[in-house]
Every structure is written in structure tokens, then in C-alpha cells.
Amino acid sequence: MAELVTKLKEYRARTGMKQGDLAELVGVRRETIIRLEKGLYNPSLKLAMDIAKVFGTTVEELFSFEED
Amino acid sequence: MENTRITQLTKAAKDKSLSRSERKEAARQLAWEKYRADKRPPMSFKKSTLYNGILSLTVALLFAYMGLAEQFDFKQSGINLTIFPFFLAAELAALAFSVRQTTKYKAEPSDDLANSNMDHAGMISYAVVIIIVSLLLLVLNTVHNSDRFSMSYSGLLFIFVSFSSLQSALQKFIFLYIERGGDVDAEEDE
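Chains as they are written, first to last, in the working numbering: chain A, 1 to 68; chain B, 1 to 190.
It is worth saying that the hints were derived from the structure and are not from the lab.
Where is the CB? At the ideal position from N, CA and C, for every residue including glycine.
Heads up, some of the hints might be wrong.
Claimed, not checked - Straight-line alpha carbon distances no greater than 27 Å define the calculated DSS-like cross-link-like pairs of lysine-lysine that follow: (1) Lys46(B) with Lys38(A); (2) Lys9(A) with Lys46(A); (3) Lys18(A) with Lys47(B).
To be verified - Which chain A residues stay away from chain B? Per the calculated CB distances, all over 12 Å, these: (4) Met1; (5) Ala2; (6) Val5; (7) Lys53; (8) Val59; (9) Phe63; (10) Phe65; (11) Glu67.
With the sequences and hints as input, model every part of the structure.
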């Protein structure tokens, strides 16, 4: 079964952005960002695009599916 | 600039020429814009949900007691003078605390994940309330040894409000259980 893998934490570390700051920028709670980074939540297309826009990258670069 | 954006989103949220989903999205963005513009210290959605859950629970207990008092005529006994003020004080204290927190802090708006978990919690809470009501009716049927039960209109109203508040409280506590884990208030692990 395919699992969602994200480079969100890596991009946040690169830009020095905190989870709370990112959450507020894209209009979600910090819990949502935490779950996204742990792979416990599949974001909506809009949320994925908003996050990609913040980091100046693409959705495909940030999120991918990997087979177990 | 913030006010311009807020004004634009406020108009968009009420604009009937837009589709329902567009108005809903504008309303969602408006809530977050207002949250960002608000200078008060933040209160997480989970915390505000907890406080509202406690308030709903105190309302449920108060109205349950009022319904029972109406049904079993507590007014003539000393029970009403000792227990009723306790429930009333608890409810007023919870209300005062909730109002204080709402004015002192800015409440974090919900998001898709919170709405999804709250809906899930709502379904579970309705099932629990139905089970409770069914069990109560079974107990009453057994105790009274009769298939008939009479209640005054005011007693019925109190019980209805009590169960509505109980469902609301349960929904919030189940939501908090679903979202358990991860101390969000702790420092971020960079």
C-alpha cells in the first residue's frame, strides 16, 4: 500500500520556518502541520498547493507516494 | 492592507453571485485573516473546544437535574435547596470562565482536519446518546413495570436541552480523544 511521504520538515528547516508560522501562513492549525510531517494526514490539493507556494516549489517535490 | 483584504473577503463571503463553495472558502480565509490581524495571545482550537465541552457538560447536568426535579417534585423537599445551587454555580462559573477566555485570547479557527474529526466525533456522540436514551427507557420500563410514562411539558423541555448539551459535550470530548497525542503547546522540535 502506498504511503504519503513529505519533505515538509526539510523545507521548513532550510527556510528556518516554525510549524506555527507555516500553519498560520497557509490557514491551518499547527496540529495539521505536525500530522502532515508525520505522514498521518493526506492534505487537500489546495493545502498542498498553498504549502508548495510558500516554499516556492511544486507539490510533486514536497509530497510523494512510496510503496511499502 | 490587512483591513482591505478582510473587507474583500467579507464581501466575497456574502456575495450570492459566487458559488456556495467559493463563499465557504472566502469565509474560511476571512476567519484566518481576522485571526492573523488579532493582536491578542492565541488559544488553540483544542483548548477552546475543551472549555466549550466543559460548559456544555455543566449545562447538561443542570438541565438534567431540573428535569428530574420537575418529574419527581424535588421542590417540596430539601434536595432542591442543597443540590440545585451547586449545579447552577458550576454552570455559571463555567460560563464566566468561557467568556473570560474568549475575550482575553483569540481563538484559533478550525481547518479541514478539525472539521473532519469533529464530524466523526459528532456521529459517535449521537450514537452514544441514542444508546443512553434507550438504556434509560429500558430501566424506566423495568422499574415502573409499565409501558406508559407521563411527564410535564417543562420536564420534557429540560430533558431535551440536557440531552442536546450532553451530545455537544460528548462530541467535543470525543474530538479531543481523536486528536490526542502530541503536545502542541510544547516547543517545536526543529
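Results for each hint:
1. Between lysine 46(B) and lysine 38(A) the alpha-carbon distance is near 19 Å, which keeps this suggested pair within the 27 Å criterion.
2. About 19 Å separates the Cα atoms of lysine 9(A) and lysine 46(A), which keeps this hinted pair within 27 Å; it holds.
3. Only pairs whose Cα atoms come within 27 Å are accepted, and lysine 18(A) paired with lysine 47(B) is accepted, the gap being roughly 21 Å.
4. The claim that methionine 1(A) is not at the interface with chain B holds, since no C-beta of that chain comes within 12 Å of its own (minimum 21 Å).
5. Non-interface call for alanine 2(A) relative to chain B: holds, since the shortest CB-CB distance, roughly 20 Å, exceeds 12 Å.
6. For valine 5(A), the condition that its CB be more than 12 Å from all CB atoms of chain B holds, with the nearest at approximately 19 Å.
7. Interface exclusion of lysine 53(A) from chain B stands, the closest Cβ pair being 14 Å apart, more than 12 Å.
8. Every CB of chain B is more than 12 Å from the CB of valine 59(A) (nearest about 16 Å), matching its label as outside the interface.
9. Non-interface status of phenylalanine 63(A) relative to chain B is upheld: no Cβ of that chain comes within 12 Å, the nearest being about 16 Å off.
10. Listed as outside the interface, phenylalanine 65(A) is consistent with that label: its C-beta sits roughly 19 Å from the nearest C-beta of chain B, beyond the 12 Å cut-off.
11. Its beta-carbon lying about 25 Å from the closest one in chain B, glutamate 67(A) satisfies the requirement of being farther than 12 Å from that chain.
Checked against the numbered hints given earlier, this structure breaks none of them.
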